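Engineer: Listed below are the residues making up each chain.
There are 2 protein chains.
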Amino acid sequence: MVKGVQFSAAASGIKAGAGELDLGLVFFSEPAPVAALYTRNSVKAAHILYNTQRAQGRVRALLVNSGCANACTGRVGVEDLAFIAGRLAGLLAIRQEEILFASTGVIGKRLPVETMTAALPGLVAKLGEKNLDVFAHAIMTTDTYPKIVEEALPGGTHRVAGAAKGAGMMNPLFATMLAFVFTDYPLDAMRLKRMLPALGRQSFERISVDGDTSTNDTVLLFSTGSGTAAGGSGGAGTGYHTAAVKAAIGRVMKALALLVVKDGEGASKVIHLTVKGAASTHAAERIARRIAASPLVKTAFFGCDPNWGRIIAAAGDAGVPIRPRQVEIAIQGERLARHGVEVPFIEEEMKKLMDSREIELVVNLHDGRAAYDMYTCDLTYDYVRINASYRT
Amino acid sequence: MVKGVQFSAAASGIKAGAGELDLGLVFFSEPAPVAALYTRNSVKAAHILYNTQRAQGRVRALLVNSGCANACTGRVGVEDLAFIAGRLAGLLAIRQEEILFASTGVIGKRLPVETMTAALPGLVAKLGEKNLDVFAHAIMTTDTYPKIVEEALPGGTHRVAGAAKGAGMMNPLFATMLAFVFTDYPLDAMRLKRMLPALGRQSFERISVDGDTSTNDTVLLFSTGSGTAAGGSGGAGTGYHTAAVKAAIGRVMKALALLVVKDGEGASKVIHLTVKGAASTHAAERIARRIAASPLVKTAFFGCDPNWGRIIAAAGDAGVPIRPRQVEIAIQGERLARHGVEVPFIEEEMKKLMDSREIELVVNLHDGRAAYDMYTCDLTYDYVRINASYRT
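These protein sequence lines map, in sequence, to chains U and Y.
477 is the number that our numbering gives the last residue of the first sequence; the numbers go up by one with no jumps.
477 is the number that our numbering gives the last residue of the second sequence; the numbers go up by one with no jumps.
Looking at chain U on its own, in the form it has when it is part of the complex:
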C-alpha cells in the first residue's frame, strides 16, 4: 500500500455489459509530481492532447475509463474531458488543472459524458487506500486479468505500486496502452521525468503483441511522498538512495510489462527473445523487433513448430545487414541452427520443449558484441476471434 494515494472504481455504463467496471479514480491527498510517457503515434487520443496542454504542475486526481478510447473525436473529445474535469474538481474540492485523464477502448466514439459524470459522486465516496485492485479491474478491455505489481523499498518505509492494462494494439514503440505507477518515496517532478524514459525503454518498450501502436498509450509515474518533510530532497533522511528507488520502480514497470505481454490478446505463450552478437545495439534492436512482429514466427510458436527458418528470414528482413552464414539460433537452450544452417535435432523433442507457457529464443549473429532482449507472444486463433469481433 502506497501512502498518500486512494483508488476507487465504478460501473458507469460506458461498457455495454451491466455491472462491468469501466471507470477508475485515483486521488492524491497532497499534490503529487508526475512524469508521463505518451504514444508516438501521430494520432493521439483526447486525453493525451488534454494532459499535455496543461501546465506540468502537481496532480491531485487521475480519472481513467475503459470501453471508449476517446481518440479521433476532434476538439469535442478534449472539451468533453474539460467538462468532466469541472465536475470532478467540484466534488474533490481541487482545481481543474490538477486532474489528468486516460482512456482506452474503441477509437472514434465520444465519451458518454452524462453517464460518466453521474458516476463521479459514487466514485469519490468509495475512495480508499486499499482499492488498487478494483481500479486495475476498471481499466481492463480485452485483458483477462488485472495487472498489479507492488514492491517494498529497502527499510520498509516506502513502497512502489503500479497497475497496467494491455492486451491489443501493442507495439514496442511504445507498447502498453495504460500503466500507472505510484511511490510514496519522495521524488520531485524533475527526478521523475529524468528517470521515466530510461525505465520505459527497459520495460514497456520491450514488449510487443501485434505491432500496432495505440493512439492512447500512456505511462504515468507519481510520487506521493513529495509533500512530506523530505519532499524532493532525494530522501536522504531515509537511509537509501534515489538509485535504489529507481531500480525498484524499474522492476515494478518491467513486471507490469511482462504481465501485459503474458495477457496479450489470445496469447498462449510468452517468448523471451534475445538477439546478441550484433554489430550495434541499434542493429540488435531492429532485428529483435522484426522477429517479434513476424506473424509467421508467432504462429509457429503457437504450433510448437521449431521453424527456425522463419526466424532467420525475419532477421534478414529487418533493414540492417546480417551475415546469414554466421547466424546461430537456439530455442529453450537447444541449438537449431549454426553457421546459418540447420543443426540436426529431433522434431518431436523440440515440440515438447516448445509446449510451454514461456519460451527462450536466442539469436546470435556472431557479428559483434551488442545485444537486445524483448518479450512477445504467439499469434493464435483467439487473437483473430477477439479482433474480428471486438466492436460487436
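Everything labelled a hint here was simulated from the structure, so no lab data went into it.
Quick caveat, the model's predicted, so the values are computed rather than measured.
Just so you know, not all the hints are guaranteed correct.
Copies of one chain are not kept apart here, so a pair can be met inside one copy or by any two copies together.
[As the list claims (entries may be wrong)] Derived lysine-lysine pairs resembling DSS-like cross-links, with alpha carbons at most 30 angstroms apart:
1) Lys331 with Lys361
2) Lys278 with Lys215
3) Lys194 with Lys361
4) Lys194 with Lys100
5) Lys354 with Lys194
6) Lys88 with Lys437
7) Lys194 with Lys437
8) Lys437 with Lys100
9) Lys436 with Lys194
Start from chain U and add chain Y according to the hints.
Structural biologist: The following block gives chain Y in isolation, referenced to the frame of chain U:
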C-alpha cells in the same frame, strides 16, 4: 500459348504427399534473354545465390521445385543445384550455364538431390507447349489454386503468359515468392532488364499477405522471340511498339499479383487500399504499407467490422507525419470518417457492404496530391491454422 517455350511437371517426392506435383521444368527452344527480380531479404535462398553468380547470358531451361526452399543450406545448397544442373544439361543437351533454378517451401532443409535427379528424364520426356497449367500446379505450396495469366498482343501474332505462386511469407518489398512471365515478342535482355523493375513496382510490390519478406522471392521475365529474325530489334516489323508489349506484360504481372493476394494464406477477402491526398508518393506508400500490414486492420476486415479507428491508428504509426484532423476514410464508397472524426453510419449496413470478396478502402489525407494503391488480404483463423502447422 507462347511460342518457343515448353513446360512439364512431375511428382518427384520432395513433398510428402504421394503423387503431389513438386517439380516443374521450363525449356526454351532457342536461348532466351531474361530479366530477374530477387528478394531484398539479406538471407537469400540457394537458387538466388546460384542464379546471380552466373553470367547474365541467355537461358535454355528453368527448373522449379516446391516443398523445399533450399534456403539457409549454406554452400552445399548451391552445390546441390550445380549437381542437378549437370544432370539436366546432359539430358537437354545444353550447357550448364544456360540453366536457372527457383525453389519454394520449408527453409533450412537441403533438396533431396537423388529423388529430384531421378525425376529429370521423365520431366524432359513430358515437355510440351501446352503444359503451363501442370507447371503452375507443380510450384504451389499453400496456394489453393494455380495462378496463370495469358494475353495476346495486338495483331494476335505474339502472346504474354505467366505463372506465379504465392500464399505466405509475402511482403510487398518484395512480394510474391515465385513468378515466371514469358513472351514470344522479340525483346533483348537489355529491354527486359530495363522494363522489369518498374513493372515489378506496379504489380508484385503492391501486394501484401503477412508482411514477412521471403528468402526466395523471384520474378523472371523471358522473351522467346529474340531468336527470330526480328531478334532484339524492338519488333519494328510487327506493327506495334515495345510500349504496347510492356503494357501487356505489366497487365499480366498485375493480374498474377492479384491472383496471389486473393489466394493469400487463409484469406477470405482482398482489400484494395488507396491512400491519396498525401504530401508525397513516399508518404502515401509508407502509410499504405503500414495499414496493409496491420493485424488489427486485417482481422477487422475478416469480421466485417467498419473499425476505421484501427485504420487511422495504423496511418498515424507509419513514421511519416499526418494531420489526423484532415483524414477521411471510406470503405466500399461509404464515408466513415471525415476531418478525422466519425461520420454517422449504420453499423449493420456497413457490415453487409463489407461482407464481400473484394473491398475498396480509400484513405484521403487531404494533405497533398500524391497517391499510392496496393492490395492486401484479411487475417483469418485459417492463416493461423496453416502457419501453426505448416511443417508437420
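Engineer: If you test the structure against every hint from before, which numbers come out violated?
Structural biologist: 6
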